[in-house]
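S.K.: Note that the protein sequences, when read in sequence, are chains A and B. Everything in the first sequence is counted per this note's numbering, starting at 268 for the first residue and increasing by one. Everything in the second sequence is counted per this note's numbering, starting at 289 for the first residue and increasing by one.
Since the hints were derived computationally from the structure, they do not count as laboratory data. Keep in mind that this is a model prediction, so the values were computed, not measured. Backbone N, C-alpha and C define an ideal beta-carbon position, used for all residues, glycine too. Any given hint might turn out to be false.
The following label-pair restraints were derived from C-beta to C-beta distances [unchecked claim]: (1) Gly626/B / Arg807/A: 49 to 57 Å; (2) Ser720/A / Cys321/B: 17 to 25 Å; (3) Thr524/A / Lys513/B: 40 to 48 Å; (4) Glu523/B / Ile317/A: 30 to 38 Å; (5) Pro535/B / Thr678/A: 30 to 38 Å; (6) Gly686/A / Leu454/B: 54 to 62 Å; (7) Pro535/B / Ile520/A: 34 to 42 Å; (8) Gly288/A / Leu454/B: 51 to 59 Å; (9) Asp763/A / Thr617/B: 23 to 31 Å; (10) Ala600/B / His445/A: 26 to 34 Å; (11) Ile608/B / Leu837/A: 48 to 56 Å.
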Amino acid sequence: MRRIDSVNDFVIKFANVNGTGSASANNMFAKAVFRMGVPVSPKNIFPSNIQGLPTWYEVRVNEKGYLGRRGGVDFMVCVNPQSMAKDVQEVLPGGYFLYDNTKQLDLRYVRQDVNYIGIPLTDICLREYTDPRKRQLFKNIIYVGALASLFKMDFAVLKNLVSDQFEGKEKLIAPNIHALELGYQYVETHYPDVCGIRVETRDNVGDRILLDGNTATGLGAVYGGATVAAWYPITPSTSVVEGFEKYAGRLRIDPATGRKNFAIIQAEDELAAIGMVIGAAWNGARSFTATSGPGVSLMNEFLGLAYFAEVPAVLIDVQRTGPSTGMPTRTQQSDILISAYASHGDTKHVLLIPSTPHECFTMTADAFDLAERLQTPVIMLTDLDLGMNDHMTEALSWDDSRQYDRGKVYTAEDLDRIGRFGRYLDSDGDGIPYRTYPGTHPTKGSFFTRGTSRDEYAAYTEDGTVYARNMDRLLKKWDTAKTLVPAPVLHQDRNDSKYGIIFYGTSQFSVLEACDGLLEEGIALDAMRIRSFPFSNTVRDFIDSHEAVFVVEQNRDGQMRTLLINELGLSPDRLIPVLNYDGMPITATWVKSKVRERFPGHNVTTLHAKAGESIE
Amino acid sequence: MTYIKPSFRHPELPVNDLGYTKKAYEGAISTLCAGCGHDSISGAIIQACFELSIEPHRVAKLSGIGCSSKTPTYFLGNSHGFNSVHGRMPSIATGANMANRDMIYIGVSGDGDTASIGMGQFVHAVRRNLNMMYVVENNGCYGLTKGQDSATADIGSQTKSGAPNLYEPIDLVTLALDLGATFVARSFSGDKEQLVPLIKAALSHRGFAFIDVISPCVTFNNTGKSTKSYDFVREHIEATGKMDFVPMKEEITTEYEPGNAQDVTMHDGSVMRFLKLDQEFDPTDRRATYNALQDAKEKGDILTGLLYVDPASQELHEVIQTSQKPLRTLTESELCPGQKALDAINAGLR
Ligand SMILES: Cc1ncc(C[n+]2csc(CCOP(=O)(O)OP(=O)(O)O)c2C)c(N)n1
Ligand code: SF4
Ligand SMILES: [Mg+2]
Numbered sequence: 268m269r270r271i272d273s274v275n276d277f278v279i280k281f282a283n284v285n286g287t288g289s290a291s292a293n294n295m296f297a298k299a300v301f302r303m304g305v306p307v308s309p310k311n312i313f314p315s316n317i318q319g320l321p322t323w324y325e326v327r328v329n330e331k332g333y334l335g336r337r338g339g340v341d342f343m344v345c346v347n348p349q350s351m352a353k354d355v356q357e358v359l360p361g362g363y364f365l366y367d368n369t370k371q372l373d374l375r376y377v378r379q380d381v382n383y384i385g386i387p388l389t390d391i392c393l394r395e396y397t398d399p400r401k402r403q404l405f406k407n408i409i410y411v412g413a414l415a416s417l418f419k420m421d422f423a424v425l426k427n428l429v430s431d432q433f434e435g436k437e438k439l440i441a442p443n444i445h446a447l448e449l450g451y452q453y454v455e456t457h458y459p460d461v462c463g464i465r466v467e468t469r470d471n472v473g474d475r476i477l478l479d480g481n482t483a484t485g486l487g488a489v490y491g492g493a494t495v496a497a498w499y500p501i502t503p504s505t506s507v508v509e510g511f512e513k514y515a516g517r518l519r520i521d522p523a524t525g526r527k528n529f530a531i532i533q534a535e536d537e538l539a540a541i542g543m544v545i546g547a548a549w550n551g552a553r554s555f556t557a558t559s560g561p562g563v564s565l566m567n568e569f570l571g572l573a574y575f576a577e578v579p580a581v582l583i584d585v586q587r588t589g590p591s592t593g594m595p596t597r598t599q600q601s602d603i604l605i606s607a608y609a610s611h612g613d614t615k616h617v618l619l620i621p622s623t624p625h626e627c628f629t630m631t632a633d634a635f636d637l638a639e640r641l642q643t644p645v646i647m648l649t650d651l652d653l654g655m656n657d658h659m660t661e662a663l664s665w666d667d668s669r670q671y672d673r674g675k676v677y678t679a680e681d682l683d684r685i686g687r688f689g690r691y692l693d694s695d696g697d698g699i700p701y702r703t704y705p706g707t708h709p710t711k712g713s714f715f716t717r718g719t720s721r722d723e724y725a726a727y728t729e730d731g732t733v734y735a736r737n738m739d740r741l742l743k744k745w746d747t748a749k750t751l752v753p754a755p756v757l758h759q760d761r762n763d764s765k766y767g768i769i770f771y772g773t774s775q776f777s778v779l780e781a782c783d784g785l786l787e788e789g790i791a792l793d794a795m796r797i798r799s800f801p802f803s804n805t806v807r808d809f810i811d812s813h814e815a816v817f818v819v820e821q822n823r824d825g826q827m828r829t830l831l832i833n834e835l836g837l838s839p840d841r842l843i844p845v846l847n848y849d850g851m852p853i854t855a856t857w858v859k860s861k862v863r864e865r866f867p868g869h870n871v872t873t874l875h876a877k878a879g880e881s882i883e
Numbered sequence: 289m290t291y292i293k294p295s296f297r298h299p300e301l302p303v304n305d306l307g308y309t310k311k312a313y314e315g316a317i318s319t320l321c322a323g324c325g326h327d328s329i330s331g332a333i334i335q336a337c338f339e340l341s342i343e344p345h346r347v348a349k350l351s352g353i354g355c356s357s358k359t360p361t362y363f364l365g366n367s368h369g370f371n372s373v374h375g376r377m378p379s380i381a382t383g384a385n386m387a388n389r390d391m392i393y394i395g396v397s398g399d400g401d402t403a404s405i406g407m408g409q410f411v412h413a414v415r416r417n418l419n420m421m422y423v424v425e426n427n428g429c430y431g432l433t434k435g436q437d438s439a440t441a442d443i444g445s446q447t448k449s450g451a452p453n454l455y456e457p458i459d460l461v462t463l464a465l466d467l468g469a470t471f472v473a474r475s476f477s478g479d480k481e482q483l484v485p486l487i488k489a490a491l492s493h494r495g496f497a498f499i500d501v502i503s504p505c506v507t508f509n510n511t512g513k514s515t516k517s518y519d520f521v522r523e524h525i526e527a528t529g530k531m532d533f534v535p536m537k538e539e540i541t542t543e544y545e546p547g548n549a550q551d552v553t554m555h556d557g558s559v560m561r562f563l564k565l566d567q568e569f570d571p572t573d574r575r576a577t578y579n580a581l582q583d584a585k586e587k588g589d590i591l592t593g594l595l596y597v598d599p600a601s602q603e604l605h606e607v608i609q610t611s612q613k614p615l616r617t618l619t620e621s622e623l624c625p626g627q628k629a630l631d632a633i634n635a636g637l638r
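The following block holds chain B by itself, in its conformation from the complex (with noise of 0.2 Å):
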């Protein structure tokens, strides 16, 4: 069923081919800090889920607890929200998907979310290729509990208590990577133009979408002695290339030299047009994308951009081949066996 309702407009206001405005797509205000990364990485999934036109109501919202796990209520007010309990926001997703795979399930989590007490569900969710975008806003701190390391802080990285972290960090990405992830990516919250791309990518992939964006907290972390600070990260942000995300419907107009552009369709038909910026660098090769992870890592660089993808990634509901119904629609005919088979179970039984 599709409910596109002629509205009322401001005649200069765009919009989308559902007839939606950007408004459509936002949610309550803010209550993050002002100048909080996470705000800006809601801003983005505005856009990008505006410019595909996406249905609003046909997404679901997942997280966990943290700054960024509250931030799904700052966006997309016409879609079902869940605000978890603190590392468990993968479990709801994978439940939450079972019961219907024909949803747009988009988490956000934090790096503690994620990373430390979330790991146990976050690496199952990776390896069992679940269908959703799974956004990290990654601070390396507990914001919402006044700034703490998180596993993601860097060795030396300082947040306004002024003690240097001890600990080798966790990453994210390389992590994904290892896990067997279909769709990688690393974005920062301060570069809209290459994450609201990322995102309609990750959106339309049939498979685990992830994305470690990384997210300053203004108020704990932005510190002249961090590596999550904006100064740092702008300081330091190297790109894989630059991507275009182009709708199936659409045609490919984006102009490119030949050899440095690479198109990845999409199971949807949409087409990643991936601009390198390395020659060598190809977003389908797992080990070109461990090589220049390692490189950036050398020269003390933070490679963002799409990492890698997978296109012919199968998703969970096909490795179990679950019915194409979603589950939830299924009623008393297709799921009561009845008394006629109760029979022969008991007949055997006896």
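Just chain A, same shape as in the assembly (with noise of 0.2 Å):
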């Protein structure tokens, strides 16, 4: 029969029951992996339940690097019956089924193109542990010994791997390696010969860490300086507010007093947690709150109020698939549009859109700075997959001289100085007003933050031509906003094809692949990742520099391509969209397929763009 056979480069998919203490033998494996020193990209497809439910986990073993859901499994762990059918058929010809064979495998799930290998899992436990749960915990760590040996992997990378993650609680560390080592000779003896698919040390790493976007989004927050948080729990984004809480736990708290030197608030809905945030901002501090798309709906009239009001705001949105409640555990980006006119009236919001776990970290912090900069609302947009997946991302680091950037707040001595304050005057000429901290002066610069209309000394107006002075003046601001948001990044030093491909957030992974993939079958294409909104110029000069430029996006609606059509007057015939909207991380094997369908031929025609050649 075929077998596959490949080294460093496979799916693997672990089929379980949610809540039997299989994810984290999952990613004892994952991490093994990645010790050996060969890229991983883990993914846990989970229903939304906590116990008794199917749930995956899909590991990408990639040795090049590519970190995109790649699509098919050459390798199944399967050991739950009731997801079997349905996993069976999800294996590649020549692929692997690791089963339990404690009971006899059902005939229907018997493929003639696929390696099976039964383990008596149970068996094995029922033998070797009295207690229930043991018996449960421990089928897990049998399955990734018995990986082990089939992919021959370095078992010493695994016992120090149990010994690091049970330090402190040494007394689990034996049992634990005695479970990998049933797993691992069982294979030894069973089948010392069946599995085509290696795992061999290598240098690919670096000093590359393996963290969840969520986490370092947190962690990001309290290297940003914020020290309120209000939330209200919502999957996938409940992890940032827990790793805030985490890292603030250990290193927020003050020395002398034990005191924290950060305020978390869960909130009883989202308006509220908005309302918090604003109102911290208001007087202050850095704040922030952590949401998904049903919480970002609840938040529009608050989000017009910040930026009409011109109070900053961090929010950030893992985005999940939609509309309404839609499918709560799967990934999507369909929240750009409500993310960048939130509220009613003209609205609109910079949004900040990070593709790995370092890219959460920094964006987060900077987030707080450029929220107090513009004085608005900045929205962190990232996704289910990059928020609560572990990712495989360069170490985070900080620059210990910098500074936060506080913006332009007036202290008492400056409205000694300045005579008379206007809260909305626009002193510089960037449309960025002063503000002024409650409490600052007995006398001087107080003034009535409001959602109506106001003049440039904050007093109530109804005089037409004063409201549209003051929305002119937020325009300006928005321009001055493009020149501080992230820049979006060119993959290449100078754009030579007539072709350009965009994308954002999570696609980033699998474009890049699928490029590279592309380039080799003769289509050229020029990439640019799209990191914040409001656009600069660089993503305007990007489009007007090709002739067509395919938009990769996550959703149904091609919500980001309607932004660039709207923001930059765009014909929408230069922008084809790739959409993928299952719900499933998108693959490279998508986004060529996608691609190609526009270049009929494509399989013999070099496309390197030559002077007044066209394609289609």
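Can you join these two chains into the complex? Each is in its own frame, and there are hints to help.
M.R.: So, in structure tokens, the structure goes:
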């Protein structure tokens, strides 16, 4: 029978039952590969449920460092009878299916083109353990040990991992190593040479780390100086505030008093959460909230207030599959438009769009500087894939000489010096006025913050001219924002194809892999990753310098494309949507197939742009 | 930092301990209807802050939307104000308070703003014992949108529209008590003598100090068939007692008959001297309050005055143990753990 043979390039998927402790075992496998110097990209595929439903963990191992979801499964570890029928079908021809053969395999699940590896996991556990909970937990560790033998992995790496993981709980080390050995030995004895997949030690990871975007975001908020966090629990954003709490709890305790140099309020809903953020920022603290689509919908009214009254706010939106409750545990990039234009009236909001956990960390810290500099909400858009899955990412770093940019704030001394204070005066010509914190000066600098129209001195007005003047100043501020937000990343020194491809957020991994693949097929694309809104001139120039540009997104309606067309006044024909919206992270294969559709006969023609040559 | 500036003033105008006349506590000219109860409440807030010698800029004024929520413009002109969105003042106040625990927070809301659209935020501010004074200017209607019944309107009460209200009222006072509020009072905009000391006590309370002030809307709900009209309230008002608020620095001189007075010492050492009208009533006994409220209700009366206070109240900052220094004053050295801590974190992620 055909057998997939591969070294350091495969996809393994674990089919488990939610709530059985499989997550940490599966994680142990991924981390072992990572510690062997081979890039990995694990993804949890989980139900909106706490216990009892099928859950999957898919790990792509790729020594070249392609970290996007590949699609297709080379090796399936199936310990969930519930999903077995479907799981068997997913295995690629020549692939492997590891299952618990304590019970004989249902004949309907037998495929002729798949290699079956039966291990009596339940039997081994019944023999070894008496406690039912241990039987369940160690079953997972046993199959990890089996994989180590099948893939000829460095067993010492696994042993070290276990020791590190249970540091402080030394009692647990020996039993876990024993469980690993049970699996390892079973395979050595019964299946010495059935598997053609190998994990070999490499040096392709450098000093990178394995981290999820939400934890990185929470940590970014600690480093960025956030002191007030207000939130309402919602998947997939919950672990942002949990990450903040975890690190602040360690790193932000006043040594003298043991008190907290931060406050976390679990709000009654997302309206209250964003209200608290706005209240705290108005009063001079750095504050943030984290939510997902349904929460953003609720926050609209307040976001409009913060935009119009010019109060800083940092909002992390970890996007999930909408609309409504949609698929709450699946990923999507479908809050672009609601975030960009949140609230009634004419509003626009600054968006930051990271692609990696490292960028989640830096952009979160930068978000506070931007929000205070621009005195406006800054919304960071991540997604479930980035937020909740571990990603291999650059080690985090911080410039210890960095000072926070607290923006334009008058002190009492300034107020004594400047004469009459005008909260909404454009003194510097950049559209950004000066503010004062409450309590600054006994007789100067107080003003009334309101969502109603007002003049430059914050006095209520219904004078249309004054209102319009203020709205125009807000646009001027918007232009200033263009110069401050993170620039897009161009993936080539020079744009020399006629065709471009634009993407953002978690599509990066798959798009870059697709570009490499397409180039081998003769389709060259210039690539640009958008990292923020408003769009800088580089974005416009990139689009202008190409005949057509693919816009890759993980939503149905091409929301970023719409935003580009609307904001830059572009002709829709030039922007070709490449859309994935099934809730799973986009794959390189998908991107390639969608791009190819635009190039009939693509396999023969080399498409490096030459003047005057047209492809379609 | 304190700013006490000697400034020229008319020798006859009384000044407070800071050397300020009452003028320093006033705001812009009110644009509410002449006779609106809300203006009297603004006047009482001005008087209380003046008498307490509060530095105006140490106060933050917060409100939602409504005629009542407009009033912070009309008092304490040297304080920052935040007129937020309808029903959401409690969240703004919570965030503001978290940022700086050293200021005094005055929240002003309406019965629509609090008992309908803002109910969710109100109840949670109460249960968190947020350190603020929260005043509901309760007129039983939506003044700003022209007089619709609000959720505090009594069954059968009629506004200018003429149709009797069909639904059970929400009594914010009992609700606040149920939620564990640590300071609960009710008053009437027309009774300044009662309202001013209540506001002073509320401002000195550490925790959520709630005052439900019946405040007639002369334009839409001052009819002969309204239970929130001046006439109706004057006829049915009943008080738990008379209260004096004695700041810490002053000697207690009020005369009283033994057995009828009760002193409640506030966290800052000031004393609320409570002269009971009913011997049984004890404002630190929640059960007594429920009984008194129930008795008044059965008689068709409106019970006013200080209804409940917990002198041992622990405000939110104490509950969650935030730093004594206001969070907004912390700087990089206290906030940012730096590269070294990051190195350790990185090492744990490999
Ligand atoms: C979201 C929203 N819905 C409706 C309104 C319209 N509105 C403004 S004030 C108000 C009612 C105010 O009533 P209340 O709080 O009792 O204040 P009053 O005017 O009676 O003092 C309403 C419904 C609004 N501003 N915002
Ligand atoms: S409408 Fe009623 S509540 Fe509003 S200002 Fe006039 S009297 Fe006061
Ligand atoms: Mg009202």
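S.K.: Check the following: the C-beta atoms of Gly686/A and Leu454/B are separated by a distance inside 54 to 62 Å.
M.R.: holds (57 Å)
S.K.: Does the Cβ pair Ile608/B, Leu837/A satisfy 48 to 56 Å?
M.R.: holds (50 Å)
S.K.: Given the hint of 34 to 42 Å, check if Pro535/B and Ile520/A actually sit that far apart at their C-beta atoms.
M.R.: Roughly 36 Å apart at Cβ, these two residues keep to the hinted range, so it holds.
S.K.: So does Gly626/B sit 49 to 57 Å from Arg807/A, Cβ to Cβ?
M.R.: With Cβ atoms ~39 Å apart, the hint is violated.
S.K.: For the pair Thr524/A and Lys513/B, does the Cβ-Cβ distance stay inside 40 to 48 Å?
M.R.: Violated, since Thr524/A and Lys513/B (Cβ atoms, about 58 Å apart) do not stay within the stated range.
S.K.: Looking only at beta-carbon atoms, does the pair Gly288/A, Leu454/B fall within the given range of 51 to 59 Å?
M.R.: holds (56 Å)
S.K.: Quick check: does the Cβ-Cβ distance between Asp763/A and Thr617/B fall within 23 to 31 Å?
M.R.: At 54 Å between Cβs, range violated.
S.K.: Go ahead and decide if the range 17 to 25 Å is satisfied by the Cβ distance of Ser720/A to Cys321/B.
M.R.: holds (22 Å)
S.K.: Is it true that Glu523/B and Ile317/A lie within 30 to 38 Å of each other by Cβ?
M.R.: Roughly 58 Å apart at Cβ, these two residues miss the hinted range, so it is violated.
S.K.: Just to be sure I understand the hint, the distance between the Cβ atoms of Pro535/B and Thr678/A should be within 30 to 38 Å; is that true here?
M.R.: holds (31 Å)
S.K.: Can you let me know if the beta-carbon spacing of Ala600/B and His445/A is within 26 to 34 Å?
M.R.: Violated: the Cβ-Cβ distance is about 55 Å, outside 26 to 34 Å.
Violated hints, in rising order: 1, 3, 4, 9 and 10; the structure is consistent with all others.
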